[in-house]
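**Q** Just so you know, the sequences run in chain order A and B.
Just so you know, this note's numbering puts 522 at position 228 of the first sequence, and the rest follows in order with no gaps.
Just so you know, this note's numbering puts 134 at position 120 of the second sequence, and the rest follows in order with no gaps.
I should point out that these hints are in silico values taken from the structure, not numbers from a laboratory.
Please note that a few of the clues may not be correct.
To be verified - Just so you have them, the derived chain A footprint on chain B, three or more residues with Cβ under 8 Å: (1) 70 to 81; (2) 84 to 97; (3) 124 to 130; (4) 135 to 149; (5) 152 to 159.
As the list claims (entries may be wrong) - When the alpha-carbon atoms are kept at most 20 Å apart in a straight line, the in silico EDC-like pairs for lysine to aspartate or glutamate are as follows: (6) 424(A) with 193(B); (7) 155(B) with 551(A); (8) 472(A) with 432(A); (9) 186(B) with 488(A); (10) 186(B) with 557(A); (11) 59(B) with 138(B); (12) 20(B) with 488(A); (13) 884(A) with 665(A); (14) 884(A) with 51(B).
Claimed, not checked - Now the in silico label distances, taken between C-beta atoms and shown as ranges: (15) 1059(A) with 146(B): 46 to 52 Å; (16) 525(A) with 16(B): 25 to 31 Å; (17) 949(A) with 27(B): 45 to 51 Å.
These numbers come from a predicted model, not from an experiment.
We put the beta carbon where it would ideally sit given N, CA and C, even for glycine.
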Amino acid sequence: MRQLPEGGLPVQKVTPMKILDYMKDHLLFLDGGMGTLLQAEGLQPGEHPEHWNITHKDVIVKLQRAYFDAGSNVINTNTFGANSLKFPTEELDEILRCAIENAKEARDTSTGTQEKFVALDIGPTGRLLKPYGDFDFEEAVAVFAETVRLGVQYGVDLIMIETMNDSYETKAALLAAKENCDLPVFVSNAYGEDGKLMTGADAAAMTAMLEGMGADAIGVNCSLGPKALAPVVRDYLKYASVPVLLKPNAGLPRDVDGKTVFDVEAEEFSEDVAALIGEGVRIAGGCCGTTPEYIWTLTEKTKDFQPVPVTKKHWTWVSSYTHAVLFDKKPVLIGERINPTGKKRLKQALRENDMDYLLTEGINQQECGVEILDVNVGLPEIDEPAVLQRAVYELQAVLDLPLQIDTSDPAAMEAALRRYNGKAMINSVNGKEESMEAIFPLVKKYGGLVVALTLDESGIPETAEGRVAIAKKIIARAESYGIPKNDLIFDTLAMTVSADPNAAKATLDALAEIRHGLGCHTSLGVSNVSFGLPNRDNINGTFFALAMSRGLSAAIMNPYSLDMMKAYYAFGALMGLDENFTAYIDFASKALPHQTAAAAPAQTGGVPTAEEYASALQKAIVKGLREQAGELTQKMLAEKAPLEIVQTEVIPALDIVGKGFEEKRVYLPQLLMSAEAAKSAFEQIKAAMTAQPGTSATKCAFVIATVQGDIHDIGKNIVKLLLENYGFDVTDLGRDVAPETVVETVQRLHAPLAGLSALMTTTVPAMEETIKQLRVGAPWCKVVVGGAVLTQEYADRIGADKYAKDAMETVRYAEEISDSLS
Amino acid sequence: MVVQKKIYPAPPVQEREIFRYAGCREIKEEFRRQMEECLAETEGKFQYQVCWAEYPVRIEGDRLDLTFAQVESHALAKNLAGCEKILLFLATIGLGLDRLITRYSRISPAKALWFQAIGAERIESLCDLFCEERNRELLPKGQQLRPRFSPGYGDLPLGLQKEIFRVFEREKTGVFLNESLLMTPSKSVTAIAGIGTKKEIPKEEKCGSCQKAGCPFKR
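For reference, chain B alone in the conformation it holds in the complex (with noise of 0.2 Å):
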């Protein structure tokens, strides 16, 4: 399978997510300057890269014939239902915001706190940015993507970030996976989006299939 990648041009920032990840429900202004005060500091920081490949599926209750792993997971088989290829990805925006993390979680937790949900946020448009492109691929050929799901929602295991990285280990990602099966940089998606027939996907469906209560995160 060919893999392959591609840097991206900054994705449009979404302040309200922004807000969301620094655990705020609402927009508030009396903290907007520190957020916009970060937010220009992470100004050339990052690097906006995505290195994808596609393979053939095969799903047979809840056993999943990913091509490049097996799995089990029933939360995942019912995502790519219907689906006989799949889009994996690697997505990351770099270092240069761990390094912004690391200094001021030292000097300043709530500056911290802005970048870390900065980060969040910068990485799940990185995300959408490039499932849309993807996406304009695919429509002329009556196809689109699913939500796209990560080891670790549900019950598909975080173990299998191991065969994701065997995928990715020569294309010189920048990034790396520890014993622990954490990424770093830390603002970094593996996901694996079914392509199937083009159909109506509710936007609920982005947490629908998250069985975590209480979650303040929850849409």
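Extracted from the complex, chain A is given alone in its bound form (with noise of 0.2 Å):
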């Protein structure tokens, strides 16, 4: 057995190698724990250890060499936290010129015979990004970027991106070093007991996007010990088509006599790791606790061990910021509610910049059980890529489905893939040289599975050969750019029956030919198909159903309708692909229950009747019944005028309620029941307003925000539903809103109103400058104040012209302006 050398020897320098030409046929060995070892030289709590690196190069340069003569390939600097939101650019730039030095001093010194390499190390900023923390995406991008910039002109070997938990700042972090320099990438990150990270994302979908945008290596490192961290492990070796990386920790730290001692030894340490070297890890080190002593084990253990080959995985896949989602034998659903074409009321939320109602269909979608939204937002007269971007991050805040990106604005896509926490479908691609010399580019850099349409600049086939033909053109194309066939879903264009009889064969043979000549997957718009016909529901189910057994992997489709999706849960049930027909029958419980035996029995004595109330609408609203509102307010819209039943209905509901509320005898949860109720009603009326232009329910605008440094907006938004209810045209922006925002806003509306919330007695002082600049900007603007922390001496004492102790409040003052006001 080799012995571990004392270190100290000069040796010649080996002829530098590439570190991705070296890792082909080699097993990759990294460094192993830092800030163990600089506690232990003295580093104090509180102190940045990226200081070392100047201070004390010496200690830094004895630490790294003891890990080149262990055995590893590759130092990381000492650079986890350089960035420049700790450091100033001058001083950065100091410290990894340094760090880099020092490393390099070490690979120069050490004893050790093996290739080797500099890695420029990056972790986390220790800032959380929206929609979570407060930190902006491009913000972090713009660190990241700097960091790289600064760190690749003193020459190192390869980036390496680690102890990342979110997979946001991840994407961050991957895009700034793409963007910045062309060496080689790694990316790790630190998964919990649970298998996630911090976040929320899996092993699956951190493979997805980092892979698709162009990592070199990933896996994961920190947080565990070898054993622990192996189930993820195997996940990365089973779906990444790239190596993997392991670095965990030596176990879990236990306080033994005031010292932090970590429960895996080197022995036991390396006996794991070679374990899943065995299966198939490529590049290993260690974490937390680890030491030389544990490099040294490992190289020794494996010493003899034949690297297991990397191979292609082909997976066809998505993912959002949880999970992945593979196109396989089952179909898979994408909804295509959000999608303005023929949607009054959806054309007019997106005017109105109402991000709630394409929130509320994406939900409602999901619930449906669709697996992937598309999401389109096209219309003339807005800013498509602002309002794209904006659509993507709101919908990703509030649900964990994989988002369908669907314009013909590359400007637009762009912007939206940038931002989006995951791996795309982007809807679309096609034969004309002009679609694919734009959207290619973009799925090389930000990753996507693009749907690809087979038509091309003489137009659509009409033959399955000549669709098929377009496809093997489009195959080829994406080749071009390093794209792989399986990160193109082609869709064969299902046009309608009633203008050409032979359409849906034609559609069905290319699906057919791509899906199984072409070893492609294949998506589909079903409806376009039944155009013109009775009863198109009837059709499409049937166009679906026949579209699946011929081998379509995914349809764009409407997941309201109950034909398509009767069609589509009875193929799984039938095709085998419906373990124990659990999905069959819960859809057949929930959605067939006059048809189904098993159903509950329908629920009897559900609407109100009048009683001590005015009316059914009314008692529903005071009880709270949300559905039955809706119901009732379309029902009572066939005879009543919509302002009417506002003024009659339900204004006078939300009373009984409010003031049982102000007089204490209703508590807060049947305040807001009451108001989703209302809301409902209100969703009705507006409906039935946009149909006839020219009316109009509401009354004065509000400006209603979470002051800037603030990110808590519950109360907040207790005061908008309220408001909205009582007919306030709300302009929400959200929480942690700059003064500039908010007076702008108001200047814009003229709003006679603005509504300012704050938690805490730190975010008071943005307060108080909000209605100052207000003052300046906005005189006319009465605002009013609210929150945790507030009261009416603080209200006093910053200026607001009243206080509001609770929603009801606000809601009496602003109806005390409005009225003073016509």
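Need the complex rebuilt from these two chains, each delivered in its own frame; the hints are there to steer you.
**A** Structure follows, in structure tokens:
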């Protein structure tokens, strides 16, 4: 057995070799822990270890050399937290320069004879990205970009992004690396005991996203010991087509007589890691608690190992920030409802920037069982890149389905793909050269599964052969961009049968040939086929079933269509794709209750009668019965004018509850349930009024926001809901809103009222500043404030017009102001 | 000082507390269904984690040397009177609840309110569980924790959060402090609990040191 060398002897330099070439035939060994070793050398709590690159050069070189001497091929520079949030540029530059010099000195003076490389180490920023934190995605990209730019000028062999526990921050770091250097990039994430990142992603989701963006190796580090990480590592090995990396902790830390001790020792550690190398891990080292002894033992144990070859897995998949959706035998449902074509209410919502409507549409489709959501916001009069980017961001804040980004504007596509947290579905490219030139570079850069339409400059071929020929052309062109065919999904274009009786047949023949002949996945927008025929759902459902039987992998469809869902679930049950018929039985009992013996008896007596209330609708609102309030309103609209319903039904009902709340007879949950019921009544009224332009149910404009620095907005959302119920035209600016944004919006709308919310004493100054700016920029505007820390005294001191202790008080005040205006 | 970290199983649910945080002074049966629906939806979405460390403390009047920080606070000095050591901890139930709140505050503020109340109850129950566990170690030594005290209580400045986060910086706690000193996940608690000799601690002391007038949550 080799002896662990004492170190110190300079050795001859080996011929430089590119790390990716070396990795083709070799296992790659990384270094071990640094933090615990630095603490042993005297690093104080709260002291930045990165400073030691300058102040304790000898210590850093000694520790890194010890790793090279122990057999590490790669040393990470001591730059885990070296970023512009912690250090000013000049200091950051100096830290990076010294850190890279130190690592190179360790490399050049080590006695080890193995190939040696230096990695620029990049850890998390320490800030949490929006929507859960307050750090903007592009700001994060800029922070990482600066470290990469400054670091690479001093010469490193690769970039190592590590210990990331948020998929979105990981994407920001990888994007920054790719945009600022040509070096290989390894990406390693820190998983919890539940096998997920802190923000929810599993191994498949991370693999789909990171490979799509071109990471050269991916894997896991930190958090846990090798045994506890094994299940996640095995998932990586199952899913990844690039080399997999493993850098676990020496188990968990314990307190032994006031000292931190890790519970997995070098022998056990290297035994466990070696086993995973045997299963396919190609890059291995250690994280917290590991020392050169661990690396030495590991390299000894594996010196006769033949590396397991890395194989292409050819997954066709997309991912969200939590999970991946694989296209396989079972067809994937893609909800088509977020698309303004032919939908007046959605058009209105988009023009009014009313994202809540869009989000509700997304959540409803998710509840119907779709696995991916198509997002199309194309309207001629809106700024599509901005609106699409915002829609994607907002949808990802409330639901975890992968999205299909649907736009014909490449600028909008790029804006949305850049911000998308995961690997998106891209709708679409086609056989036209112009389309491929615009879309393929985006697929290459951001990753994505792209829907390819079988049409080109000469239109849509009538025959199946013509469409298959275009598919072949698209595959070849994609390959020239380095995009494999499993990242393409072909849409053979369902045409209207009423115009051409052979249309459906051509579509299906092309589909079958592409699926089985070319081995690519397929997708269809199903509903076109029935255009011009009566009972369209019936035709659509049958066509859908036919397409699935020919090998359809996915459908862009209306999940509210019972015929489509029937076909989908029946197909799964008949083709052995639904184990124990669980999905079919669940669907049948929920959607087809009157046809299912197992179903619960229909609810009786659910619709309230008038009794003590003026009407059933009033009772439904008072009792907080959301669905009934909507249904009753819809019926009432046949007889009464929309505005009359608001005045004689909705507002009086809300007043009953509101008054009860003010008198402390009604608790907050009931007030909110009633408000939601009223909102569902309003949705019906709004839809009816969209159909009759020129009418309006709204009172004056009210701008509402949670102030800058404050990220809690439950209270603000409650106030907003009630104001909307009482007919105010509420513009919600969200949370963490800059004073300038509030002023600009109040000016633009000439709003007579603004409401500001703050939760913490630390954000009251931001509230005060917002009021100050409003006084200058919009002196007409009355400002009402509220929130946990506020009191009348506080409100007076910061110059608010009104302190409202709860949502009802805000409504009363707003009505007072609104009445004084009319 | 050694920082320790532990993942806990879910503490038992205290329904009355959930109702209290939702603004109901009593358990209202007509809301129970919605509350239980929300509670069921949180299943498996929380991760109960606590990081902690012990420090010596020196008290001179209202000036406290907490070892990891120096601070002036009459209320904390009173709370820690007679203690030579403190337990500093950071507890969280993770981001799962923030996800649910973000989702439902857009589509159902009533449900968002329940999730908010459930989260408040969960994190408080976790702190209780953790402190009980520490007390089980302390009692045989004739010692006991004083009621926990967080930055922002009484006159203890919220700015102390920065020093507390520095202590736990290297632990990958998954808890972040923003520039306004707000924590994410929102259901996280930092607190100091004095380690003193065993004594009877009256229940009211939980709210006793707080000056906030007219607080709807006052016990």
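**Q** Work down the list of hints and note, for each, if the structure agrees.
**A** Results for each hint:
no.	hint	verdict
1	70 to 81	violated (count 0)
2	84 to 97	violated (count 0)
3	124 to 130	holds (count 5)
4	135 to 149	violated (count 0)
5	152 to 159	violated (count 0)
6	424(A) with 193(B)	holds, 14 Å
7	155(B) with 551(A)	holds, 17 Å
8	472(A) with 432(A)	holds, 14 Å
9	186(B) with 488(A)	holds, 15 Å
10	186(B) with 557(A)	holds, 18 Å
11	59(B) with 138(B)	holds, 17 Å
12	20(B) with 488(A)	holds, 14 Å
13	884(A) with 665(A)	holds, 18 Å
14	884(A) with 51(B)	holds, 18 Å
15	1059(A) with 146(B): 46 to 52 Å	violated, 39 Å
16	525(A) with 16(B): 25 to 31 Å	holds, 29 Å
17	949(A) with 27(B): 45 to 51 Å	violated, 36 Å
Going through the hint list in order, the structure does not satisfy hints 1, 2, 4, 5, 15 and 17.
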